[in-house]
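Undergrad: Taking the hints into account, I'd like the entire structure generated from these sequences.
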Amino acid sequence: QTITGTVSDATGPLPGANVLVKNTTNGTQTDFDGNYTISADSDATLVFSYIGYKSVTIPINGQTTIDVTLEEDASKLDEVVVTGYGSQAKKDLTGAVAVVDTDELLSVPATTFAQQLQGRAAGVNIVNDSRAGGAATVRIRGFGSVGNNDPLYIIDGVPTTEPGNINPNDIESLQVLKDASAASIYGSRAANGVIILTTKQGKMGKPSISYNTFYGLQTSTTSPDVLNAEDLGTYLFLADRYAGRTPTHGQYGYGPNGEITIPDFVFPSGAFEGDPATNPDLYALEPGNIYAITRAADTDWYDEITRTAPIQQHNISASGATESARYAFSLGYFEQEDIVKFVEYNRVSLRANTEFKAINNKLTIGENFTVSLENRKGVNNLDEEQGPIAGSYKHHPLLPVRDITGFFAGSRGANLGNNFNPFAALSRNQDDRQYDLRLLGNVYAAYQLAENLEIRTSFGVDATTQRVRNIGRPQPEYVEGNFINSSEARSNYAYAWTWTNGLSWNKTFNDVHNVKAYVGVESIQRYAEGYNASRQRFAFDTSNIISYLNLGDATTAQNSGFILDDFTLWSQFTQLNYDYDGKYLAQFTLRNDSSSRFREASRSAIFPAFSLGWRVSDENFMDNVDWLDNLMVRYGWGQTGNQDIGNYNAFTTYRSDIVTGGYPIDGSTSSPQIGFQPGQFGNPNAKWETTTSNNIGIDAVMLNNKFTFGLDIWDRKVTDMLLPAQPTFTAGQASPPSVNVGGNTSRGFDIALGYNSKIGEDFTFSINGNLSAYRTEVDALSTPDERIFGRTERIPAITITQAGDPISSYFGYEVLGIFQSQAEADAAPQFGDYNAPGKFRFADTNGDGVITADDRTIIGSPHPDFTYGLNLDFNYKNLSLNIFGNGSQGNDVFNYVRFFADFNTFQGNRSSRALNDAWQPANPTAPVAEWTAANPNATSPIMDADDATSSQPSSYLIEDGSFFRIRNVQLTYNFPTDILEQVSIANAQVYIQAQNVATFTKYSGLNPEISLRRTGDSNRNLTLGYDGGFNPVPFTLSLGLNITLQ
Amino acid sequence: CTDEFSSKEPQAAFGEGDVATAAGVEGILLGSYNMLQGGGLTGQTWRNEIQNWVFNLPSDDALKGTDAGDQPEQSFIEQYDFQNFNLHIRDKWRGLYLGVATTNDAINTLAKVEEGISDERRAQIIAEARFLRGLFHFEARKMWERPVYIDETNFDLGDLGSSLVPNDREIWPFIEADFEAAASVLPDTQSEVGRPTSWAAKAFLAKAKVYQGFNEDGSANIAKLQEAKPILEDILNNGGFSLVPNFEDNFKVGTRNNSESIFEVQYAISQANGDVSNRGIGLAHPYTDPWGCCGFYQVSQNLVNAYKTEGGLPLLDTFNESNVSSEVDDTMASVYDGPLDPRLDHTVGRPGILYKGFKIAQVDFARDLNYAGPFVSRKHVAEQEFFAGGGWQNLSANNYRIMRLGMIYLWLAEVEVELGNLERARELVNVIRARASNPAGFVPKAIQGEERNDFTIVPDEPAANYEIAQYNEAWTDPATARKAVRFETRLEFAMEGHRFFDLTRWGIAAETLNAYVQSESQSRAYLAGKTFVEGKHEYFPIPLEAIDRSVKDGVPTLTQDPAY
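First to last, the sequence lines map onto chains A and B.
With my numbering as the guide, the letters of the first sequence map in order to residues 14 to 1059.
With my numbering as the guide, the letters of the second sequence map in order to residues 9 to 572.
One thing to keep in mind: the hints can contain errors.
To be verified - When the alpha-carbon atoms are kept at most 27 Å apart in a straight line, the in silico DSS-like pairs for lysine-lysine are as follows:
(1) LYS104(A) to LYS529(A)
(2) LYS560(B) to LYS700(A)
(3) LYS237(B) to LYS700(A)
(4) LYS104(A) to LYS67(A)
(5) LYS67(A) to LYS35(A)
(6) LYS596(A) to LYS719(A)
Derived from the structure by calculation, the hints contain no laboratory data.
TA: Written out as structure tokens, the structure reads:
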């Protein structure tokens, strides 16, 4: 029979509501006026649903007209979420899945959704890169493996590991599959969780056109605590004096008691006004004659390199749908200038999503595509040793930005150090570019074969090209500089395609046995390669010349070409869902993957999973518990894999390059012959890394949907961990193959809490919070005593990964305090001849009476005790206020900045700590053995120009990185609809927003939030929390407008 | 179809099959030569540098230089704090054994090549590989008392555990065997100058024996010295080598591969690429333009003083009782007018003296005068005409003369002293001194011009008061003769990376260096209180990471030097 009716909500008819014959795929949507027509058996049941509303189920019982009014659902339990190759109602989820509120997500302006996701979902730990256009490091439930820890992203069904440039405004829904029972449908790449994104589709109803924009200004609210020119003079005087030297300096003059004289010039060194050597006529800055006369200054370098910088976005979208076609289109522009000068990011993105139905709505064909073009301008080494942020605390304050002619000033005068002039470095690199062009999307078709059976195919493409231009301008004023210019061009491209075919079937037996099944196959191929070329000695430095290789000296040309990625994946999978009347739920998943990265014997692997749910609140015995709206208990078990081992792990190969294989065997002074060296050691025996996880969860909705509670307790055990081997040095050198070794166990919990209520007619509020914690420990590496050290720069590695400790634990000497006297220094275990008043007292951890390399020990952990987020929403009439903050507690940070700023490392500036917190003798003229403390509570060691020991890896360089940051405060005004209607505006709002309002931390660096460095390095997870001088997070004040026309 | 779809052979790389060919083997061998320079080690360019400048820092010749906080790990080496996790020590080990691995790989790969290669060339390839293998192990044996020896039977490129060999035996015999085998096959001359001749192999064989020529207590190991003697004589008499007329020709790009060279580490540089230049020693250039970086590897006052002469001869016992001043007068010329060995100013850049034709050295050559003084190193720096090929102006093609005829003379002199032939030893030393006294080779006097880089050369006038003579009186006392030969060795080869190892092999490191620390700390405050411990600091610790990575069946195959 045919049933007709109208679906409406409190305000009127509801277009686009779903009407479904229960337990079939037979469904339709309401039209513009909320009307529907559907055929169904007279004893069937209809389900009416709409996102954000409670579903209503009505048995037909022979009626021909059924009108329904849907109620808004604050708990959104009936929301249907995509969880894999299919979808499920949120309330029926049995795995650990975080469903993120997209409105909340979008409330924070950011480059990427990953930044917006920070603090929003329990168990998802995100560290932002504060640079303009910076990405974010996403870790789901911590660090599980020594190798790859990046989650997999599924964007409209297309898998990718690089989600960065999706326009956040296009996101319709975001789900995070946290445990293996939920994620194992993605098998081999799901070990670190899966983030599923769907983008906006047109909705039934009149077409709507929206415009969203904001404009903000970003400023730095912090600065490095460094010395000024005079205080640095005092520091240097004391450092010489306490080293037993007669203090002298190439620039400063010293009085007998350390009185500081600052010269008028730093080049010529230490010269004063009137000195004939400072005659401007002598000035020269040319090859063979460098005499760049430079005045002394007292420069605040941080101030020189930072600025108030704008950030803005414009987004236009149009969407709509009829019964047989849906369309959504958007154009977005995002632009952020960095608070560091001459650094900028912008992105244009275009999206078109359409879908068409034919053959009585049985055939569906559609596509989702986005094209984005990103443009990064200026330097990209903001966090590196010679980067401008580092320069802001290392560059000598006596140096000015410019010399007497206005050319950039360098440090060629005596004792001024060897930093780049940070301002000059930024300015010279302002024409550097990195362009990323990406096409991402899929086309799909589905056909309803029978009432309960649908076949679907999807072909997805992810194609990227990247073009990098690095311009090297001469820096003759730099002490290690020269007059040579250069230009480098890099180009990469990558393509990946994913072809998925699946069959889904669902049916209800006896009204209560609901069965849903899915089988599918998928093949994936990805390939990427790159080219690189450079030339030097361009005739002119203007960017229209130096940007083009052709114009450089051809005899200086260098080039290279290489493969970046090359693999295939072939998979078969099935999923079975069963529930008994929504009360007892079960899901089973099985996936088989074959990866080209493994040899035949270990190529295929099976990833099983199951999860069970019990809706306690539906039991009869709960009937009288009125305060409980929903209570679900869940358990899941599953296995997922990791195959991130490079493309040709099985093969031993050779390389041929000048560095490792070149030698002028014939005695040529200019051209070597090129030979071979091994490039990669092969390991044909590698197999999948397996993650096995357990998850117990409780979801509760209480007090008439006012209070929501979710708790997941989980463990995650990684076995056959894929780790780059550490070959014995006598085996030679080549990229080490990944080998399966040992394991790692993590356990933790995620809590999400929410409360919303209404006071009076006009005031509503909601409070949402989440907290998550994990503990992780390496169970074993390839041998019980194997130790893997992290990256080394100027001091030996400060992180270690070994069995029994968390991945990337901090390792070094432990500082117990500072010797207050010679007697104390003599009584303590000796560290060579280091011990002396004012020096560190290092711990003799092995108790052998002396301090040696064997006393280095674990001195901290980069892993937080817990992370948390808190979101407050208040609405009063047309006003709403949102406050959001997040934090991390108990994690340590390795502050590499201290190595340069607190000790006598190079001849640059020093931190205030190095002078003001340093131990000093009360009687400096007495012999060292008689020194007494002037400041027994000093926290830094005595200034000593000859001390190279205090700066060794020790707990002094490790700091508590805990912080809480109020990330967002936003006040929004919604224009009254009755006014808007008169001008054909559906809705409009304006808002004022402050970001990064305050950060509460004891960390002494500019930013406690430390991104993972060197993305792309397979060992990057072994060096966590390494602060090489990170950008501060800017305070941003913005004004925004959202407007929708219909 | 599935299997085809799921199989990926390596792209953009050479497979093992590609290199198991005649051309492939030659290429692998070339990769071994590359490791002579040391720069092919990933992640660093200079800790494994063959010129050993970092490991010469604990000697009495060299100072770390630059400023105090630069490269603290070098300071630890300079100051006898040899930590087993010091990255310099680790990377020296890594680099040398990478060199060894490539030679074994060449030999093993050669065995797989069936055609396209003559038997004669086969033998030569093996001989060249064994020469290099001996050389890498030799360098290791200088660094560590008990390193490990790996040959092609231990090594299998496809099995990362194959080279886990315990360091439980003395490796000198194996080093000698490699050089002996190479000497018996290699030709007397090579058309490609970078390849070793039989003379080169013989010279290293003799060097290996000379390095075993003294016991730890300093007494002579007569048997070893007697083995060395005929080889050294053979090279002198039959090798066809001759000393170049000017001492400095051993340190210039323009006079590479000359008649004195027995084996050189070859460097090359083009405008496009400096990867096989002498970049490993690039940091050790003056801290002023045109180099700018980085002021490492400065020179001790002690070494400068050693070049003082009296009657043209060195002051063997009293040289360090007064300092050669570094002061300059109003015209920026050195004020020191005492007699000096002319080799001083080819070895050391000192204020007031023309520096390799660039400009007159002054205190602005040093990065922090107050820290490491005014004297800078010089021998490895390329002369002005060969300056600045690539992007970094410190790079050059100034070859490292790792084996030159002068060494043969002085090693033979060492041997003759211990065998009691003191007059023969004097003769040999005098040959070296005679060459050094060639006035044509003296650094010329130059007068500072108005601008910093300007100077005028005064024709026919030496830069300083050079006075050098031969030992004209008969040598009768072995102790004095020994001292004279060793002093000559120091003067001739200073700042070439040998001094620390010489002191060690002579068994006199502790006494010499502790006395040096005493005197040098007068001007270099940071050396005060530093101690060379006899029986320990003669050798470096085996790197901790090498031991960590040597585990086989749960037990490390490498064991630490018991002195550590």
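Undergrad: Now look at each hint and say whether the structure bears it out.
TA: A quick look at each hint next to the structure:
1. LYS104(A) to LYS529(A): Holds. LYS104(A) to LYS529(A) sits at ~16 Å (cutoff 27 Å).
2. LYS560(B) to LYS700(A): 22 Å, holds
3. LYS237(B) to LYS700(A): It is violated: about 59 Å lies between the C-alpha atoms, which goes past 27 Å.
4. LYS104(A) to LYS67(A): Holds: LYS104(A) and LYS67(A) sit about 11 Å apart, inside 27 Å.
5. LYS67(A) to LYS35(A): Status holds; Cα separation ~15 Å.
6. LYS596(A) to LYS719(A): 22 Å, holds
Going through the hint list in order, the structure does not satisfy hint 3, though it satisfies all others.
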